[in-house]
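Residue numbers (this note's numbering), protein chains in the order written: chain A, 1 to 193; chain B, 1 to 112.
Honestly, the hints are just simulated from the structure, not real lab data. Each hint should be verified, as a subset may be incorrect.
A partial selection of chain B residues facing chain A, derived with a Cβ cut-off under 10 angstroms [said to hold, decoys possible]: (1) 68; (2) 69; (3) 70; (4) 73; (5) 74; (6) 80.
Where is the CB? At the ideal position from N, CA and C, for every residue including glycine.
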Amino acid sequence: MIGNDVVDLSLAKKTSNWKRPRFRDKSFTEGEQLVISNSLDKDRMVWRLWSMKEAAYKAYVREFENPFFNPKKLSCKLISGKDGVVHIYGNYYATVTKTGTDYVHTVAFLKAPKLKFTNRIFYLNSDDHRLQSKAVKQVLTTMLCNTYAIKKTELFSFRKNDFGVPNLFFCNKRLDKSFSLSHHGRFGAFAIC
Amino acid sequence: MKPHKFQKPVGSERKFSKKRFPLSLEVNMTKDQLIEKLRAIVKPYIQDEEAFSNLSENTDFINDLKINSANLVDVVLDVEDEFDIRIENDDMENMTSVKSAMEIINNKLAKK
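Based on the sequences and whatever the hints tell you, model everything.
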């Protein structure tokens, strides 16, 4: 199971104020709040932790089909500048975070031997939510077409299940693929294994 | 003697005594007023105009309005400020739709 999440740091600065009263208490465990207050770049740390939570949550919902909203129940531990672990109801997800000058991107997955995943981060042209979502799917299907020597991206389609988790179809047959799509501001991303 | 037509029937004054209806319920908002307040709260965070213009009790904050998860925390905080209540994380866990938000707000207001 895999999840990913990208945060456009300049958009996050504009649309979210994590410094507002009670935001941190609602969103971060005590340990995480300590990590934030001790970090040099607090903004980046807040969104790194957030993308870890979001990515792990997506992997969790894909597996357990149990959506909920309680960011504090997704508890993060940092291992290195890029590696981390997120604990969700007895499950541990390994995370790898990549930070660019203006984005933070995390992939979360259940640790398994020989697990191989591919992920991409790319710029998007539109700021419309629907067009962005379409563009991310287009990049993923284009990559799949190249990998499997398929000529038409239209042969792939996506459908969300009742829990909001997208599934991938090829010629209307569901593929047993774990993947995750994300977009925020100028950035689109996906991870697939 | 026949009671005057504007005279209150006997016992009617007890019907709305504070014992049976706490103050917060007596001044309770109507469902529509509450939905309107929620509409104003979520407006800055929505990313799907069409779903927003059709906002109803059954609207989901994430799947319909496409509110991102960080902004969902803002929605909860704005609700707390607007209604002068506090929502614990366990209550927040299900607060992902207009309907569930209404239930939580009404519960909290009743306990005030």
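Evaluation of the provided hints:
For residue 68(B), the interface hint holds, the least distance from its beta-carbon to any beta-carbon of chain A being 7 angstroms, beneath 10 angstroms. For residue 69(B), the suggested interface contact is upheld, since its CB lies about 6 angstroms from the closest CB of chain A, less than 10 angstroms. Interface hint status for residue 70(B): upheld, as the beta-carbon distance to the closest one in chain A is roughly 5 angstroms, under 10 angstroms. At a threshold of 10 angstroms, the smallest CB-CB gap from residue 73(B) to chain A is about 5 angstroms, leaving the interface hint in force.
The restraint placing residue 74(B) at the interface with chain A holds, with a minimum CB-CB distance near 7 angstroms, inside the 10 angstroms limit. The restraint placing residue 80(B) at the interface with chain A holds, with a minimum CB-CB distance near 7 angstroms, inside the 10 angstroms limit.
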